[in-house]
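There are 4 protein chains.
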Amino acid sequence: MTFKHKIFNLVDENNKGSLPNRAFNIFIVFLIILNVTAIVLESFSRIKSTYSQEFYIFEIFSVVIFTIEYLLRVYTADFKYPSKTKIGSIGTFLSSPLAIIDLLAILPTYLPLIIPIDLRFIRILRLLRITRLFKINRYSNSLKLIAEVFKDKRSDLGVTIFVTFILLVIASTLMYYIEGQVQPDKFPNIIASFWWAVATLTTVGYGDVYPITGLGQFISGIIALLGIGLVALPTGILSSAFIDKINSKRRADVEKCPTCGRDL
Amino acid sequence: MTFKHKIFNLVDENNKGSLPNRAFNIFIVFLIILNVTAIVLESFSRIKSTYSQEFYIFEIFSVVIFTIEYLLRVYTADFKYPSKTKIGSIGTFLSSPLAIIDLLAILPTYLPLIIPIDLRFIRILRLLRITRLFKINRYSNSLKLIAEVFKDKRSDLGVTIFVTFILLVIASTLMYYIEGQVQPDKFPNIIASFWWAVATLTTVGYGDVYPITGLGQFISGIIALLGIGLVALPTGILSSAFIDKINSKRRADVEKCPTCGRDL
Amino acid sequence: MTFKHKIFNLVDENNKGSLPNRAFNIFIVFLIILNVTAIVLESFSRIKSTYSQEFYIFEIFSVVIFTIEYLLRVYTADFKYPSKTKIGSIGTFLSSPLAIIDLLAILPTYLPLIIPIDLRFIRILRLLRITRLFKINRYSNSLKLIAEVFKDKRSDLGVTIFVTFILLVIASTLMYYIEGQVQPDKFPNIIASFWWAVATLTTVGYGDVYPITGLGQFISGIIALLGIGLVALPTGILSSAFIDKINSKRRADVEKCPTCGRDL
Amino acid sequence: MTFKHKIFNLVDENNKGSLPNRAFNIFIVFLIILNVTAIVLESFSRIKSTYSQEFYIFEIFSVVIFTIEYLLRVYTADFKYPSKTKIGSIGTFLSSPLAIIDLLAILPTYLPLIIPIDLRFIRILRLLRITRLFKINRYSNSLKLIAEVFKDKRSDLGVTIFVTFILLVIASTLMYYIEGQVQPDKFPNIIASFWWAVATLTTVGYGDVYPITGLGQFISGIIALLGIGLVALPTGILSSAFIDKINSKRRADVEKCPTCGRDL
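Protein chains in written order, with the UniProt record's numbering: chain H, 1 to 264; chain W, 1 to 264; chain V, 1 to 264; chain Z, 1 to 264.
It is possible that some hints are incorrect.
As the list makes no split between identical chains, a pair holds if one copy fits it or if it spans any two.
As the list claims (entries may be wrong) - Result set (DSS-like, lysine-lysine): computed pairs, CA atoms no more than 25 Å apart in a straight line:
(1) 249 to 6
(2) 4 to 245
(3) 86 to 186
(4) 186 to 48
(5) 80 to 48
(6) 6 to 86
(7) 48 to 86
(8) 4 to 86
(9) 144 to 186
(10) 144 to 86
(11) 186 to 249
(12) 84 to 144
(13) 151 to 48
(14) 186 to 80
(15) 144 to 48
(16) 6 to 80
(17) 151 to 249
(18) 245 to 48
(19) 186 to 84
(20) 186 to 151
(21) 84 to 249
(22) 186 to 6
(23) 245 to 144
(24) 245 to 151
If you're looking for bench data, these hints aren't it; they were derived computationally from the structure.
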């Protein structure tokens with residue numbers, strides 16, 4: 001086994017076999033959790049001002065680790081995504097969703113060196129890297145099942161989202177024309193009205209914007225009741241997908257009938 | 001193929017075959033999206049006053065296109081809805097839900113020429129015409145499935161809505177008698193009380209109206225808990241319908257048993 | 001057919017056969033709707049003061065009709081509930097849920113003649129009599145299905161309600177001890193705290209009462225998240241019941257296998 | 001039967017047979033309900049000051065009973081959890097969840113004798129002991145079914161909770177950076193922002209904290225819509241588990257095919 005292969009076995013996320021690989025993955029997950037904790041603590045202005053140097057050092061340390069890890073993954077990309085050319089493997093790796101998240105996790109620290117924009121809050125996306133945790137434990141199958149269910153039903157769910165969007169636009173427009181007359185500060189335009197529509201359809205109802213005219217309340221009530229349907233529809237779709245998965249698995253487990261050679 | 005048939009093939013929504021037809025449908029969908037965008041932008045008073053002429057020209061342009069399209073569909077109605085008489089075909093077309101939406105999309109612009117009522121906000125119904133988008137792509141089956149599920153269960157869902165309505169009326173009346181005494185401004189009559197009932201049962205809870213008496217809060221709690229049931233009931237109904245659809249399809253796919261000639 | 005039998009055929013709710021019976025049922029349903037409309041209109045103080053006499057006359061008229069109908073049902077109770085003695089039949093009728101509703105619908109008008117308590121708001125329970133509408137139309141099966149589903153799962157749903165209640169009591173008590181210290185006006189005692197718990201668990205969230213301490217917000221968040229489970233549990237139970245009903249029906253429709261004489 | 005065995009048969013929760021055991025269990029349940037009622041009443045300052053002595057006596061009485069019961073259970077632990085050594089049996093009993101609840105129910109009254117901390121509010125946990133009620137009645141199977149469903153799906157539900165938590169952290173951080181600029185009092189740090197995130201994702205929406213910037217409202221809308229998915233996912237998972245349980249039971253009831261000896 002070459003040195004490069006050894007490195008791949010160390011940094012790869014799927015290789016569950018070796019102990020060093022598991023240790024490395026746990027270390028990265030631990031570092032991610034520490035990073036998220038740091039981001040949360042930094043948001044307290046008093047803590048930030050007291051320990052600003054410690055936070056800075058920890059940030060540099062983390063980014064160096066994440067950068068090395070990222071480069072090693074680029075280096076061993078041809079093991080992960082075998083291709084004719086090395087460029088092809090690296091290209092496939094760089095454009096994979098997980099690699100993009102990995103890049104977003106380190107980029108915000110380098111960016112201020114080039115352009116004067118503070119994108120440090122993007123660092124929270126490091127948390128997405130914690131999905132790596134699922135790959136090395138028993139929750140892997142559950143995550144795969146849920147992902148498959150969403151994939152199987154993406155078309156049905158897509159239609160639901162589309163219809164919801166149409167509903168929101170129509171409700172917002174009607175509400176703008178009805179309530180905008182009497183509450184011009186709450187419904188100044190359709191975009192502002194859209195905020196009300198989302199808060200109502202999802203049944204959040206903060207209470208910052210609500211109709212006061214009879215007609216506005218009537219439409220609001222209809223939207224809120226449709227909100228019930230909005231919950232019922234994707235739930236029904238997902239339920240049926242979960243049940244179908246269970247049944248499919250059970251069917252696959254069933255033995256053949258000895259008399260006719262068919263599944264029982 | 002006659003000239004009339006060619007026009008029908010161009011403007012029809014279901015004909016997925018020809019390239020010009022697809023191009024025409026995409027153009028209409030694109031024009032609908034532009035129209036909706038214009039309506040949203042017009043709601044910003046500053047944008048409206050600055051570009052009022054541009055909005056006016058675009059509106060005239062859109063309505064002319066939509067009117068021509070509508071007339072061509074009336075003209076070719078006998079291809080779509082074959083009938084003994086031409087009047088019969090046109091009548092069937094004019095009374096179809098989609099044709100009514102098409103008419104509502106252009107009527108608001110013509111109406112002010114006749115009667116001095118501003119119904120321009122009805123223009124947002126043009127958005128409903130975007131359902132045409134579903135007819136020309138892969139989401140067609142999903143939309144059909146969802147529509148079928150609602151159709152199959154319309155009786156069960158209808159009962160749910162009816163029972164919900166009865167519940168709302170009773171809760172509103174009780175609340176008017178209980179809370180109306182201490183909060184006459186919030187519960188002045190049963191219709192106002194109904195607004196509270198809808199906001200509570202759908203769990204929106206804006207917070208503009210809420211009970212302050214012990215008895216009122218007790219009833220409010222019961223209504224809110226019944227709201228959970230209100231979500232559970234249609235969800236259960238829709239879930240069972242989706243599962244039934246999947247199972248029906250699967251059963252239809254199953255082969256016959258060779259020994260007894262029946263379905264396995 | 002005796003005169004008494006003729007009357008029974010007229011006033012009975014289940015007899016769908018004869019035209020006079022249908023007409024009578026529709027008349028009663030119509031009268032119920034008018035009564036509910038009157039109750040709603042009466043809640044507007046201006047309408048009430050203007051048409052107080054009309055409302056009074058209509059109320060007397062309605063109660064006379066409902067009373068006569070009630071007495072005729074008592075009179076013909078032995079057809080509906082055959083029993084050895086006439087007293088037995090009448091007793092069974094008087095204690096049936098629908099007869100109790102019928103009595104509650106007329107009693108509030110007679111009561112003030114005896115005791116000086118205004119229970120007129122109970123009149124809204126007349127609305128419950130509208131269930132009669134279901135008995136004479138196509139929604140009958142849907143209502144029966146939903147009732148059966150609730151009956152089949154009453155034990156599972158009962159446990160859900162019980163666990164919910166335990167959860168609410170514990171959350172209320174904790175919240176009283178935590179938030180009662182800093183917001184004694186919002187959480188003065190556990191009963192007041194219970195109001196917050198219900199509004200949170202059902203995700204209504206009016207916004208009249210909410211935690212402001214860190215610990216209180218933590219517990220509030222847990223309760224709100226458990227509220228998701230509170231929706232998920234009964235929905236799952238009802239879904240499974242609806243699906244079981246459909247499958248049972250389908251199984252009953254399946255023919256027997258000719259080779260082994262068993263169901264396919 | 002030894003005296004010790006008789007005591008075990010009296011205090012054990014699962015023994016449904018004997019009448020004294022049932023009476024003892026009902027007495028304990030009754031005492032628990034009285035305790036909870038006392039805790040609720042004590043929260044009213046006026047009631048507490050008037051009847052402080054009665055509450056004190058009742059508390060002492062309850063704790064004595066609960067303590068004796070607890071000690072008898074420890075004494076008879078080797079019947080419940082047979083083990084080689086008596087210490088082993090007692091250890092298994094003491095570490096069982098129900099025994100821990102039993103201990104928590106009496107400890108708060110003894111603690112102030114040792115350390116000066118008021119943990120009396122923990123007494124509400126006595127309510128958890130009411131689960132004993134389920135063990136002695138017909139709801140036993142329903143509770144077992146619900147517990148099994150959660151156990152079967154603990155992995156899927158765990159992933160849902162984990163993903164929800166990740167979502168909440170990311171949303172809170174984004175919101176802190178966006179809204180913290182314009183509403184520093186509402187979004188002072190990420191923990192405070194987390195409170196908003198929970199209230200939005202669960203669709204509670206108290207209205208104490210809500211975004212006012214366009215970008216903040218956009219993200220809030222996305223979170224609220226994802227909240228719909230948060231309801232749909234566990235509901236789908238639980239639905240499928242309930243249906244699977246019903247189907248499994250039905251399959252187990254089905255007889256064998258006489259021709260091939262397999263299940264039909």
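For each hint, the structure was consulted:
For the identical chains of this complex, residue 249 and residue 6 are neighbours neither inside a copy (37 Å) nor across copies (50 Å), given an alpha-carbon limit of 25 Å. In the homo-oligomer, the alpha carbons of residue 4 and residue 245 never lie at most 25 Å apart, since the shortest distance is 40 Å inside one protomer and 50 Å across protomers. Proximity of residue 86 to residue 186 under the C-alpha cut-off of 25 Å is found in neither arrangement, the shortest distances being 57 Å within a copy and 51 Å between copies. Taking the closest pair of Cα atoms, residue 186 and residue 48 come within 25 Å of each other only across two copies (19 Å); inside a single copy the shortest separation is 37 Å, beyond that limit.
In this assembly of identical chains, residue 80 and residue 48 lie within 25 Å of each other by CA distance neither inside one copy nor across copies; the values are 40 Å within and 55 Å between. In this homomeric assembly, residue 6 and residue 86 come within 25 Å of each other (Cα to Cα) only inside a single copy, at 18 Å, whereas the closest approach across copies is 53 Å. With identical chains, the CA atoms of residue 48 and residue 86 are never at most 25 Å apart, being 44 Å at best within one copy and 55 Å at best between copies. In the homo-oligomer, the alpha carbons of residue 4 and residue 86 lie at most 25 Å apart inside one protomer (14 Å), although the nearest pairing across protomers, at 59 Å, exceeds that limit.
Taking identical chains as interchangeable, the C-alpha atoms of residue 144 and residue 186 are never at most 25 Å apart, the minima being 44 Å within one chain and 38 Å between chains. In this assembly of identical chains, the alpha carbons of residue 144 and residue 86 never lie at most 25 Å apart, being 30 Å within a copy and 46 Å across copies at closest. For a Cα distance limit of 25 Å, the shortest separation of residue 186 from residue 249 qualifies neither inside one copy, at 53 Å, nor across copies, at 49 Å. In this assembly of identical chains, residue 84 and residue 144 lie within 25 Å of each other by CA distance neither inside one copy nor across copies; the values are 29 Å within and 44 Å between.
Taking identical chains as interchangeable, the C-alpha atoms of residue 151 and residue 48 are never at most 25 Å apart, the minima being 42 Å within one chain and 43 Å between chains. For the identical chains of this complex, residue 186 and residue 80 are neighbours neither inside a copy (54 Å) nor across copies (46 Å), given an alpha-carbon limit of 25 Å. Proximity of residue 144 to residue 48 under the C-alpha cut-off of 25 Å is found in neither arrangement, the shortest distances being 39 Å within a copy and 50 Å between copies. In this homomeric assembly, residue 6 and residue 80 come within 25 Å of each other (Cα to Cα) only inside a single copy, at 13 Å, whereas the closest approach across copies is 54 Å.
In this homomeric assembly, residue 151 and residue 249 come within 25 Å of each other (Cα to Cα) both inside a single copy, at 17 Å, and across copies, at 19 Å. In this assembly of identical chains, residue 245 and residue 48 lie within 25 Å of each other by CA distance neither inside one copy nor across copies; the values are 49 Å within and 53 Å between. Taking identical chains as interchangeable, the C-alpha atoms of residue 186 and residue 84 are never at most 25 Å apart, the minima being 60 Å within one chain and 55 Å between chains. Taking the closest pair of Cα atoms, residue 186 and residue 151 never come within 25 Å of each other, the shortest separation being 39 Å inside a single copy and 38 Å across copies.
For the identical chains of this complex, residue 84 and residue 249 are neighbours neither inside a copy (37 Å) nor across copies (43 Å), given an alpha-carbon limit of 25 Å. When the C-alpha separation of residue 186 and residue 6 is checked against a cutoff of 25 Å, the pair qualifies neither within a copy, at 62 Å, nor between copies, at 51 Å. Taking the shortest Cα distances, residue 245 and residue 144 sit within 25 Å of each other both inside one copy (12 Å) and across copies (22 Å). In the homo-oligomer, the alpha carbons of residue 245 and residue 151 lie at most 25 Å apart both inside one protomer (12 Å) and across protomers (18 Å), since each shortest distance falls under that limit.
Hints 1, 2, 3, 5, 7, 9, 10, 11, 12, 13, 14, 15, 18, 19, 20, 21 and 22 from the earlier list are contradicted by this structure; the remaining hints agree with it.
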